[in-house]
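J.: Listed below are the residues making up each chain.
Protein chains: 2
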Amino acid sequence: MEKSLQILGIGNAIVDILARVDESFITDHNLIKKAMTLIEADRSAQLYADMPAGREQSGGSVANSVAGIAMLGGRAGYIGKVADDQLGRVFRHDMTANGVTFNSAPLLDAEPTANCLVAITPDAERTMSTYLGACSALSMADIDQSQIADSEIIYIEGYLWDREHAKQACRVAMEMAHAAGTKVAFTLSDAFCVDRYRDDFSQLIDGPIDILFANRDELCSLYQTDDFAEALSMIEGRVTVAAITCGDEGAIILAGGERHLVEALPTAVIDTTGAGDLFAAGFLYGAMNGFDLAKAGQLGTACASLTISQVGPRPEAAALQELLASFA
Amino acid sequence: MEKSLQILGIGNAIVDILARVDESFITDHNLIKKAMTLIEADRSAQLYADMPAGREQSGGSVANSVAGIAMLGGRAGYIGKVADDQLGRVFRHDMTANGVTFNSAPLLDAEPTANCLVAITPDAERTMSTYLGACSALSMADIDQSQIADSEIIYIEGYLWDREHAKQACRVAMEMAHAAGTKVAFTLSDAFCVDRYRDDFSQLIDGPIDILFANRDELCSLYQTDDFAEALSMIEGRVTVAAITCGDEGAIILAGGERHLVEALPTAVIDTTGAGDLFAAGFLYGAMNGFDLAKAGQLGTACASLTISQVGPRPEAAALQELLASFA
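So the protein lines, in turn, are chains S and G.
Reading the first sequence from the start, the letters are residues 1 to 328 in the working numbering.
Reading the second sequence from the start, the letters are residues 1 to 328 in the working numbering.
Check the hints yourself; a few may be wrong.
[As the list claims (entries may be wrong)] Beyond 12 Å from chain S on every Cβ pair, some chain G residues (computed):
1) Gly73
2) Val90
3) Thr267
4) Gln310
[Claimed, not checked] Partial chain S-side listing against chain G, Cβ under 8 Å, derived:
5) Lys33
6) Tyr48
7) Gly54
8) Glu249
9) Gly250
10) Gly290
Note that these hints are calculated values from the structure, not bench results.
Values in this document were obtained by computation on a predicted structure and should not be read as measured data.
Every residue, glycine too, gets a C-beta built ideally from N, C-alpha and C.
All chains should be modelled from the sequences, with the hints used to inform the complete structure.
T.: Here's what the structure looks like:
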């Protein structure tokens, strides 16, 4: 019998605040360029005060991916924690409006909905400073066993390892998934995140993870090498499918002893925010809807190209659907 | 002695929620296309629930204008009411980050910060549904007499007539302005708003208003005629300067018995939100910084063109500054 959801994502539910900055903003504030750094409420308020005027858009890595899958027409769900506040309502609205099943109860009378200050430098790279707020409250109570069993794949982000309760909830979710014949997909999220949880992530790769997403930096961080070819050979065969993105050089899909190279589409790069998330959206949508792995990878890089050609981590549904139609 | 501010705006402080919709969204929800309609909290929640996923950006008509003036390098201030909530902090941040002096105290423990649901149809026109929230609390207490006296021009939006206390505060602000040698600029805001307050606006034109902004529809609504030429001749000589925008046909500046026709710049229209607001920004900035009226009008239409070539009512500061540099 067909399962209700193709993909059930679990992640940090975040609203992005995006603004263009000069390079000096990164250096003056001691930010780690292109990375995601966790910050506390005080630091977030201070950094925001120094940022230029911005635009707000729902974000969160796996949230962007499942929103993309739903906009492409896939059956997607999401588990994540927002507060019962204005940004929480914006996040919930956007997920629901995109067609994502999002049942997680809001956090009441506690920390506000998470925000991510996204500083976009003139080279179109994004540097992210995240205040986790309500996301820190994600726990076992938010994991719905029947929903996991009724999903083809659960998709979890490495960022969740930054909070103990969320990490434990993810471990249990992975166990529930395998008990129910649900596949487990995972993203390494960020090279510094890999650095924080290298042993855990390595064990997950040798354990419950079936499908791994990573970019070149994250994979090199995982194996503590600067040699990408070496890192590729180390991940080969460790998971059923490894989908490795390589920026403007496209992506490499490793599966069943084969390597599929997928080219990136040339595009004017405006803002790289969400590129990897929408690659995962296109790849997972394709893989769940009858595309072979190479073609799924091509849909992934096409979705990523569309994303970086505009501001923010979520392109418009009409643009994604037009792109998908070109694959028919 | 030079006054501290060139322009002090008074308006409804609003955060926009912008989303692309089909034409059917407008008809199905009985919206008045291209107009601004006031709605209550329940209707706003219902309409939002039916809207596609969106993007958020600080808005408000006169707020957009003063933000534009400040981004161009002018000395601008703003009086408007937000709540002490997430969207209120976003609005305040953006004004301050743009360089606008914004001292209005937030509203505590009452209605939330205003939002405007902006439905953008495929023809790039915007249809706006505004929940005024905290804006309804704008009153005399927010008017700073010394700040008005220390401004060259105060700029007030007709939208404020929708709330009794705000309207009275504006009338007093206009009196304070004239007593201090401060000029009064006013925008008719919206053709339906003109319809609601035609007599008041006519009296203001014959009274304290020195500089009037309107578009063709608003001016025709004011004089209850479909004949734009007739409406133009009726406003001529009634105010010191009338700046009338005509969409893709540019603008007409009436002053001292002369008419200056200003062409619009051809551009790919993405979203018309904020076009009139940024015309006013360019025109007022130019007029306050040594441009003759025709050239100020040209800066106005150039700022409007820039605005409609992107999503949302506030283009980026760097783009506005680049545009201004081309006028040197």
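J.: Evaluate each hint against the coordinates.
T.: Verification of the supplied hints:
1. Non-interface status of Gly73/G relative to chain S is upheld: no Cβ of that chain comes within 12 Å, the nearest being about 15 Å off.
2. Under the 12 Å C-beta cut-off, the non-interface status given to Val90/G relative to chain S is violated; the minimum distance is some 6 Å.
3. Thr267/G, annotated as away from the interface, keeps every beta carbon of chain S farther than 12 Å; the closest lies near 18 Å.
4. A beta-carbon of chain S comes within 12 Å of the beta-carbon of Gln310/G; the shortest separation is about 9 Å.
5. Of the supplied interface hints, the one on Lys33/S is violated, with its beta-carbon coming no nearer than about 20 Å to a beta-carbon of chain G, more than 8 Å.
6. With a least beta-carbon distance of about 6 Å to chain G, the hint placing Tyr48/S at the interface is held under the 8 Å criterion.
7. Interface hint at Gly54/S: satisfied, since its Cβ lies 7 Å from the closest Cβ of chain G, which is below the 8 Å cut-off.
8. With its C-beta approaching chain G no nearer than about 29 Å, Glu249/S sits outside the 8 Å limit, and its interface hint is violated.
9. Here the hint on Gly250/S is broken, as its CB sits about 28 Å from the closest CB of chain G, past 8 Å.
10. For Gly290/S, the interface hint is violated, the least distance from its beta-carbon to any beta-carbon of chain G being 27 Å, above 8 Å.
Taken one by one, the earlier hints fail for this structure at numbers 2, 4, 5, 8, 9, 10, listed in ascending order.
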